[in-house]
Amino acid sequence: MAKIKRKGQTGAAKNYITRTQAVKKLQLSLPDFRKLCIWKGIYPREPRNKKKVSKSSTASTTFYYTKDIQYLLHEPLLQKFRDQKVLEKKISKALGRGDVSDAARHERNAARPEKTGKPRYTLNHVIRERYPTFVDALRDLDDCLSMLFLFANLPSTSAVPAKMIARCERLCLEFEHYLIVSHGLRKSFLSIKGIYYQATIQGEDILWLVPYKFNQRILGDIDFRIMGTFVEFYMTLLSFVNYRLYTSIGLKYPPKFDQLKDDMGGELGAFAIEGVNIATDDATKAVTNGDVAHGVDPKVQAEVDKVVRQLKSDPSNVDQEMEDVTADVDGEEKPNDAIDKFEPVAPGGDILPQPSSSSNDPAELFSQFTFFLSRETPRQPLEFILRAFGCKRIGWDSVLGEGSFTTDESDPSITHQIVDRPVIQAATKEDGDGEDNQTSQKLNQRYPGRVYVQPQWVWDCVNDDELKSPELYAPGASLPPHLSPFVRSTNGQYDPTLPLEAQETEAEALDADLADDKEAEDEEEDENDMDIGSANDDSEEEDEDDVDVEEDEEEGSEDEDATLQRQRELEAEIAGKAVPSKKVDAKTKSKLDAKKALEKKAKEEAEDLERAKGMLSKKKRKLFEQMQYTNNKKSAEDVKLRSKRRKLEKEKSKA
Amino acid sequence: MAPKIAEKKRKVEAPDPESDDELAGRLDGVLSQSEDDSDYIFSDDDQDQDDQSESGSEGTDGDDDEEILSDDIPSDVDGEEAMGKLLIHDAEEELEIDEPGVDPKPKNVVEEETNYRVEKDANGGERYVYNEIEPGYDSDDSDAQGPENTIGDIPLTFYDSYPHIGYDINGKKIMRPAAGDALQNLLDSIEVPKGWTGLTDINTGNPLNLTEEELELVRRVQMGMVPDELHDPYPDTVEYFTSVEEKMPLSAAPEPKRRFLPSKIEAKQVMKLVRAIREGRILPYKPPEEREREEEEKDEVHFDLWQNEEAQDANPMHIPAPKLPPPGYDMSYNPPEEYLPTKEEREAWEALDPDEREKEYLPQKYGALRKVPAWGELVKERFERCMDLYLAPRIRKNRLNIDPNSLLPKLPSPSELKPFPTVCQTVFRGHEGRVRSIAVDPSGTAVATGGDDGTIRVWELLTGRQVWSVKLSSDEPVNAVRWRPNKDSFILAAATGEDIFLMVPSHASVTPTLDQASRDTLAAGFGYATNGQQQPTAVGKEPAAKWARPGTKLEDEGVLIRITVRSTVKVINWHRRGDHFATVSPSGQRSSVAIHTLSKHLTQIPFRKLSGLAQTAAFHPSRPLFFVATQRTIRCYDLQKLELMKVVQPGAKWISSFDIHPAGDNLIVGSYDKRLLWHDLDLSNRPYKTMRFHSEAIRTVKFHRGGLPLFADASDDGTLQIFHGRVPNDQLENPTIVPVKMLKGHKVVAKLGVLDIDWHPREPWCVSAGADGTARLWM
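In order, the protein sequence lines correspond to chains A and B. Quick note, the first sequence lines up with residues 1 to 655 if you use the numbering used here. Quick note, the second sequence lines up with residues 656 to 1434 if you use the numbering used here.
One or more hints might be untrue.
Taking lysine to any residue and the SDA-like style, the derived pairs with C-alpha atoms no more than 25 Å apart in a straight line are [unchecked claim]:
id	chain 1	residue 1	chain 2	residue 2
1	A	261	B	947
2	A	619	B	1390
3	A	620	B	1328
4	B	1399	B	1434
5	A	622	B	1063
6	A	613	B	1387
Computed from the model, here is a short list of chain B residues facing chain A with C-beta under 8 Å [stated by the list, open to error]:
id	residue
7	981
8	990
9	1025
10	1394
In short, the hints are calculated from the structure, not lab data. Just so you know, even glycine gets a beta-carbon here, dropped at the ideal spot from N, CA and C.
From just these sequences and the hints, can you work out the full model?
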């Protein structure tokens, strides 16, 4: 006979462990357990059947895999936690005795990460465990970068030590430097939350959010200890990632950091990037960058070094070097490392899809230009994005901080100036006020031979990989909409870039046309006699808004039409005129017919659908209905957007 | 006063010359008392009487003296005067002692003996009254200084109304001391006497005056000083060892050599430090900030963590955290206008609770980048993301990213499904009460119906004209009518009550030869029966059925055979060849299913025992199989091997009817619990499809027999539903079932709608029998 199995000895009951049990098993306090979970990347699981899992009658909420907790049991960090606990106890005991000096001695031994920003332990092994390969680490970099960029912009408080913030900022700037040198930045987006950046590193897309440079409001109950634990981990991760990235393109890590420049607001300029000796560093050379354009071969390396030198060089000789670079580009006959186009020679072979080589190199987009940033523009993002897309010379007002190419606005080498101030109208009415006029002139002063654009121009150029015409972005002009480059258009979804006609359904187009016609008619009628049809307008408009017009509603509107007609006749009688026959030209009629046909078709389709649905099993029917619900919701949103746009376009055409 | 008295007593007691020898202890006390008395007497009276009275009164007045002693306390006697007398008296006594020259020893004995005296107590018994103990010079007793006021813890005010203030140890009253006259009090109050405290001595009731020394003592105690005035808390230290080096050493020994040699231990210790410094374990002092900074710089170890990376297979249980979705168009600082919310949308968004909002932001348009404010929720959002990363249980959810339409079965269009019955063509009216059963004859020209009125009527199919009718029973309804499925005869079987009738109705299409053939077929069995073939079965038993002629009246009408079975027959089903038919009488228990052989006039009961109530039974359309439906299951029996082939379990609660597809591999089952079930017999014994389109019980289901892929069911909700059910030739393909039509027309009477249906043998026509007394033809 088989052994009798007891309840709770095998299966789900053994596989899961509640949080309380886990904490007890690890002999930790809850905050320490939390830290450990965050660092080791252990998260709760949802058992299929909660009742089978919990041995107690009360419902437990958080379950972990028992295996996960067992894995934590031989974590070296556990010992550190315990040591820390012992130390805390010693300190509190010493204080209890009143032995202040002893307490101070222990306190000196204690690591105070909240004060120093640096714990006694290292998280290196944890990172290696969690990310066995570098690509794994890159894949998880989204949250890391968003978090660190946020912390780099936070005010220092008791919970967030200034050291931590400084370190975050440094790491972030180092990462930005890598992107500038490697031209890895792909896209960027100005959202209401902040600026999104997307970079491609070794084939991995990394998307992160950088807040605007304002003091962050800290609302509600935010536990900075939890955030701090994450940040601690992310800082370690990013420092290793940075090292790897720097060495992979032959740069020395850490870059030299000039505290003085940083204090002056140098930011990116406070770092001095330097290459390592290529001959000695074979290991880094072996690790090739996944990017096609930047395979680490000596030539590219040389170029990178040149770029680095330019970054380091002072503004005066940049021009000359720049010329050199352009001359190089012109004169050199490069072996093209782009993908060749395969043309079928003989007929009969299958055609294989090939990626089209992009025409624009991101490194070349702004390489010819010299920018000047007015003092009202956000310098940090502009500097980063311009540099990442090849711009070498960026000047800005000295108010914006250290490290500019030139602080002189009148520098003749400037080709583009980024301006974000309203155009101040010269007080033309008050001609006598000469001073006012002067100031406005001064503010609106334009240097000839220079392109003045608003900041959005930079972002739109970057996202579309081409230089946009600057007229649209001239100062004071109402900007074209700034679109997210991250949206992948799916079939049937509303796309603001396409014209309305290309995406609206047949029925919608017909509806819209009919509504137009009717409105036109109404207007005509209004000219005839003002008191007719005003009531009808609203209902029609509603119909127009309401997308899936139901049958009975439609009938209702037809009824209304009939009553309207009768009213017209009556009024004509009273006035003693002939009945104004409803002018329905052939075109409208055909449209009406088409609409009716469409409706009929839709009705038939709905009937078919009903029949087909009847044949589904209950489970499948539920699934089907659920899917349809979400699809309908999405499409309703799209329809709403389209109708809004139609209205806007109509208003625009009228105006 | 008290100590003086005591003193006096002692002095008096000591000499007792007369009482030495002869007198026992009895008189001892008296003596001493008398001496005391004499004192008083002395004090009270004349001095001259002193000697005489002393000697004379010794033996005489003991009791009286005692009284005096107890009552009169010499309070008002001048102390000093008494003292002086006593001293004199003492001197005299000493003289007396010396005089007789008595040895000291007996004297001591006497002293011991006089420690107490015996008195009579109230009961007349002896009572020892001890003398006051005189603490001598070396006595330790310092307390007993006088008559203690032994009233205990009682406040002195209790004695306010008495002349005494308490009792001494012997229970004698202690009198209140004189309070002094008013003038004295006044003087006292004006001139504070020395040591006046204003307090009253509890023991004596006198004003408590303290001496100078006593006051000083109190003061010192109050100040927390040592009470003893002479104690010096800070005495001069006595320097036993001086720090001053003496000129002359105590020892003249030379310094030992070791004083001049460097210490090895010290050298070791120094070397230890040197080594530590060399190794960098001991660092020169630096201010803490500087040290911290240096540490920081040193701590940043940079190396390639992924130097020798090797890809590991991801843990299958690991679920990576989902990435946050990228921002859409509406999150732009300058979105296209159509993304901006209208006023209503904005209000609706604002009215919602922040947790319930679909999006945490409203699209907003800022004209220029400089106008974009900080996003206030950013820290909170990040925090929530952190919480999600560490606290949210992760589940892998399969998002079905498929077109929902792909779930829908591919249905042929209704036009492809045609023909099927759509309208009511003919209504057959004539029955009184329900029409229970209906059947179309094999040639497709006539319809037979049987109803509650006990009649069977045959109608012209297309016109609805009644061509023939017979009343079989006046009280029992006709439960079933079925045509013999062969075209070479025109025979109708009908069941009413326990009787089954076989008849040949007259009809326009029936030629005389056909009529004759039919009659011959029916009659053939009589000859067989008379041959006695069926006798063996009937031995000792009641036969399963009685085959007989129904009587001339009915025979004239065309009803030729009457078969009587044991219980009411509800269902008749013919074998395809027309030689056998099966009847089911659900209440018949053992004999509920019977198979009748027409050619032999033989009735067999195939089942000894049936599990469950038999509902209906049918022959397989092509193979020698027999299906019997009980309430829950349908059993399939092989008639040749005589064994159970298969049990079909539709899962219905109560099967009402079933029908087998003409091809023989599929089965439809109708049930009273509103379900229509399609079984693929090859596939499984569970249903392939379950259809629930009726709101009431399903009475009958029927396949079309003439090659059209149609089947129909009839329900108590008064409707017929027509389905397209195509069974593909390919075994691998599943049958296609499409509901095509719902035929409404029959009225629901007493919760009964359509009771029976039948298909036309060739055309897509269908006839139905309703509880409303009509039958209908649908085409």
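Verification of the supplied hints:
Between residue 261 of chain A and residue 947 of chain B, the direct Cα distance comes to roughly 22 Å. Compliance with the 25 Å bound is thereby established for this hinted pair. A distance of roughly 20 Å separates the Cα atoms of residue 619 of chain A and residue 1390 of chain B; the hinted pair therefore holds under the 25 Å criterion. Using a Cα cut-off of 25 Å, the hinted pair residue 620 of chain A and residue 1328 of chain B holds, with the two alpha carbons roughly 22 Å apart. Between residue 1399 of chain B and residue 1434 of chain B the CA atoms are separated by roughly 13 Å; this keeps the pair inside 25 Å, and the hint holds.
A distance of roughly 12 Å separates the Cα atoms of residue 622 of chain A and residue 1063 of chain B; the hinted pair therefore holds under the 25 Å criterion. Note on residue 613 of chain A and residue 1387 of chain B: the hinted pairing holds, with a Cα-Cα distance of about 24 Å set against a maximum of 25 Å. Because the beta carbon of residue 981 of chain B sits about 3 Å from the nearest beta carbon in chain A, less than 8 Å, this interface hint is met. A hinted interface residue such as residue 990 of chain B counts as satisfied when its beta carbon comes closer than 8 Å to some beta carbon of chain A; here the least separation is about 6 Å, so the hint holds.
Given hint, residue 1025 of chain B at the interface with chain A, holds; its Cβ is 5 Å from that chain's nearest Cβ, closer than 8 Å. Because the closest C-beta pair between residue 1394 of chain B and chain A is about 6 Å apart, less than 8 Å, the hint holds.
In the structure shown, no violation is registered for any of the earlier numbered hints.
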